[in-house]
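Student: Given these sequences and hints, build the entire structure.
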Amino acid sequence: MQKKKNMRAVIQRVQHASVSIGGELKSSIGKGFLILLGVCNEDTMEDVDWLVHKIAALRVFDDEQHVMNRSIVDIGGNALVISQFTLYASYKKGNRPSWFRAGSHEHSIPLYEAFCQKMGEAIKQEVGTGEFGADMQVSLLNDGPVTICMDTKNKE
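Numbered according to my numbering, the sequence shown spans residues 21 to 176.
Since the hints were derived computationally from the structure, they do not count as laboratory data.
Everything numeric in this text was worked out from a predicted model, so none of it was measured.
Some clues are possibly wrong.
No more than 27 Å apart at the CA atoms, straight line, and that leaves these computed lysine-lysine pairs for BS3-like [what the hints assert, rightly or not]: (1) K138 to K51; (2) K138 to K175; (3) K113 to K46; (4) K113 to K51; (5) K138 to K74; (6) K175 to K144; (7) K51 to K144; (8) K51 to K74; (9) K173 to K138; (10) K46 to K138; (11) K173 to K112; (12) K74 to K144; (13) K173 to K113; (14) K175 to K112; (15) K46 to K175.
Tutor: See below:
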(Lines of atoms letter the chains of each structure in order from A and count residues from 1; the text may use other names and numbers.)
(Lines give C-alpha, C1' and ligand atoms only; values in the text may rest on other atoms or scores of the structure.)
Protein backbone atom coordinates (compact mmCIF):
# COMPACT_ATOMS: atom_id res chain seq x y z
CA MET A 1 0.00 0.00 0.00
CA GLN A 2 1.42 3.35 -1.06
CA LYS A 3 1.44 6.16 1.48
CA LYS A 4 -0.76 9.17 0.75
CA LYS A 5 1.34 12.15 -0.19
CA ASN A 6 0.65 15.62 1.12
CA MET A 7 1.40 19.30 0.59
CA ARG A 8 3.75 20.53 3.30
CA ALA A 9 4.47 23.92 4.80
CA VAL A 10 6.85 25.21 7.41
CA ILE A 11 5.48 28.47 8.79
CA GLN A 12 7.79 30.81 10.67
CA ARG A 13 6.51 33.89 12.47
CA VAL A 14 8.99 36.62 11.55
CA GLN A 15 9.78 40.23 12.33
CA HIS A 16 11.11 40.46 8.78
CA ALA A 17 12.29 38.15 6.00
CA SER A 18 13.75 38.41 2.51
CA VAL A 19 14.91 36.29 -0.38
CA SER A 20 17.73 37.03 -2.80
CA ILE A 21 18.69 35.30 -6.02
CA GLY A 22 22.16 35.75 -7.48
CA GLY A 23 22.91 38.53 -5.02
CA GLU A 24 19.80 40.52 -6.02
CA LEU A 25 16.91 41.09 -3.61
CA LYS A 26 13.78 39.40 -5.01
CA SER A 27 11.26 39.99 -2.17
CA SER A 28 11.16 41.23 1.38
CA ILE A 29 8.46 41.51 4.05
CA GLY A 30 7.94 42.99 7.47
CA LYS A 31 6.07 41.29 10.32
CA GLY A 32 4.24 38.15 9.26
CA PHE A 33 4.98 34.65 7.98
CA LEU A 34 7.83 33.11 6.05
CA ILE A 35 6.24 30.04 4.48
CA LEU A 36 8.36 27.24 3.01
CA LEU A 37 6.04 25.25 0.71
CA GLY A 38 6.58 21.72 -0.58
CA VAL A 39 4.37 20.16 -3.26
CA CYS A 40 4.12 16.53 -4.36
CA ASN A 41 2.51 15.07 -7.49
CA GLU A 42 -0.64 13.93 -5.68
CA ASP A 43 -1.48 17.42 -4.39
CA THR A 44 -4.55 19.24 -5.72
CA MET A 45 -6.23 22.63 -5.51
CA GLU A 46 -8.16 21.23 -2.55
CA ASP A 47 -4.83 20.96 -0.70
CA VAL A 48 -3.97 24.55 -1.66
CA ASP A 49 -7.33 25.85 -0.42
CA TRP A 50 -7.14 23.94 2.87
CA LEU A 51 -3.58 25.01 3.62
CA VAL A 52 -4.20 28.68 2.77
CA HIS A 53 -7.27 28.73 5.02
CA LYS A 54 -5.41 27.10 7.95
CA ILE A 55 -2.38 29.37 7.66
CA ALA A 56 -4.38 32.59 7.27
CA ALA A 57 -6.45 31.72 10.36
CA LEU A 58 -3.49 30.50 12.47
CA ARG A 59 -3.57 32.48 15.72
CA VAL A 60 0.08 32.89 16.71
CA PHE A 61 0.42 36.67 16.96
CA ASP A 62 0.13 38.40 20.33
CA ASP A 63 -2.95 40.33 21.44
CA GLU A 64 -2.90 43.19 23.96
CA GLN A 65 -2.38 40.71 26.83
CA HIS A 66 0.64 39.15 25.05
CA VAL A 67 -1.32 35.95 24.37
CA MET A 68 -1.01 34.31 20.94
CA ASN A 69 -4.57 35.02 19.90
CA ARG A 70 -4.35 36.93 16.59
CA SER A 71 -3.98 35.74 13.02
CA ILE A 72 -1.86 37.24 10.26
CA VAL A 73 -5.09 38.77 8.91
CA ASP A 74 -5.86 40.36 12.29
CA ILE A 75 -2.48 42.11 12.44
CA GLY A 76 -2.32 43.07 8.75
CA GLY A 77 0.85 40.98 8.40
CA ASN A 78 2.85 40.04 5.33
CA ALA A 79 3.76 36.68 3.84
CA LEU A 80 6.80 35.46 1.92
CA VAL A 81 6.34 32.08 0.22
CA ILE A 82 9.37 30.06 -0.87
CA SER A 83 9.13 26.82 -2.86
CA GLN A 84 10.95 24.11 -0.90
CA PHE A 85 11.20 20.69 -2.54
CA THR A 86 13.67 19.60 0.16
CA LEU A 87 10.73 19.26 2.57
CA TYR A 88 10.32 15.88 0.85
CA ALA A 89 13.81 14.63 1.68
CA SER A 90 14.01 10.87 1.99
CA TYR A 91 16.85 9.81 4.28
CA LYS A 92 16.03 6.17 5.00
CA LYS A 93 18.94 4.75 3.04
CA GLY A 94 22.35 6.21 3.62
CA ASN A 95 23.20 9.78 4.48
CA ARG A 96 22.61 11.50 1.17
CA PRO A 97 18.93 12.50 0.93
CA SER A 98 16.89 12.03 -2.20
CA TRP A 99 13.83 13.99 -3.22
CA PHE A 100 11.96 11.48 -5.36
CA ARG A 101 8.71 12.26 -3.50
CA ALA A 102 8.78 15.95 -4.45
CA GLY A 103 6.42 17.01 -7.23
CA SER A 104 7.53 17.59 -10.81
CA HIS A 105 7.96 21.15 -12.02
CA GLU A 106 4.98 20.74 -14.36
CA HIS A 107 2.70 19.79 -11.47
CA SER A 108 4.20 21.90 -8.68
CA ILE A 109 4.58 25.33 -10.31
CA PRO A 110 0.85 25.90 -10.95
CA LEU A 111 0.00 24.82 -7.39
CA TYR A 112 2.75 27.01 -5.92
CA GLU A 113 1.51 29.99 -7.93
CA ALA A 114 -2.11 29.31 -6.93
CA PHE A 115 -1.06 29.05 -3.28
CA CYS A 116 0.69 32.45 -3.47
CA GLN A 117 -2.29 34.07 -5.18
CA LYS A 118 -4.83 32.62 -2.74
CA MET A 119 -2.66 33.49 0.26
CA GLY A 120 -2.54 37.09 -0.95
CA GLU A 121 -6.32 37.14 -1.29
CA ALA A 122 -6.74 35.61 2.18
CA ILE A 123 -4.48 38.09 3.96
CA LYS A 124 -5.39 41.05 1.72
CA GLN A 125 -1.71 41.76 1.09
CA GLU A 126 0.64 41.17 -1.80
CA VAL A 127 2.66 38.02 -1.13
CA GLY A 128 6.42 38.03 -1.60
CA THR A 129 7.86 35.07 -3.49
CA GLY A 130 11.09 33.44 -4.43
CA GLU A 131 11.64 31.85 -7.81
CA PHE A 132 10.66 28.24 -8.28
CA GLY A 133 13.74 26.06 -8.80
CA ALA A 134 16.24 28.88 -8.24
CA ASP A 135 19.19 28.85 -5.84
CA MET A 136 17.86 31.27 -3.23
CA GLN A 137 19.30 32.86 -0.14
CA VAL A 138 16.64 33.42 2.53
CA SER A 139 17.15 35.73 5.51
CA LEU A 140 14.78 36.05 8.43
CA LEU A 141 14.40 37.13 12.00
CA ASN A 142 12.23 34.42 13.56
CA ASP A 143 9.95 35.99 16.16
CA GLY A 144 9.46 33.96 19.33
CA PRO A 145 10.76 31.72 17.88
CA VAL A 146 7.51 30.38 16.45
CA THR A 147 7.84 27.65 13.81
CA ILE A 148 4.96 25.38 12.84
CA CYS A 149 5.03 22.41 10.46
CA MET A 150 1.75 21.77 8.70
CA ASP A 151 0.66 19.31 6.04
CA THR A 152 -2.56 18.43 4.31
CA LYS A 153 -2.53 14.77 5.37
CA ASN A 154 -3.96 16.00 8.66
CA LYS A 155 -7.01 17.67 7.07
CA GLU A 156 -9.32 14.66 7.45
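Student: Hint by hint, which ones does the structure fall short of?
Tutor: 3, 4 and 15
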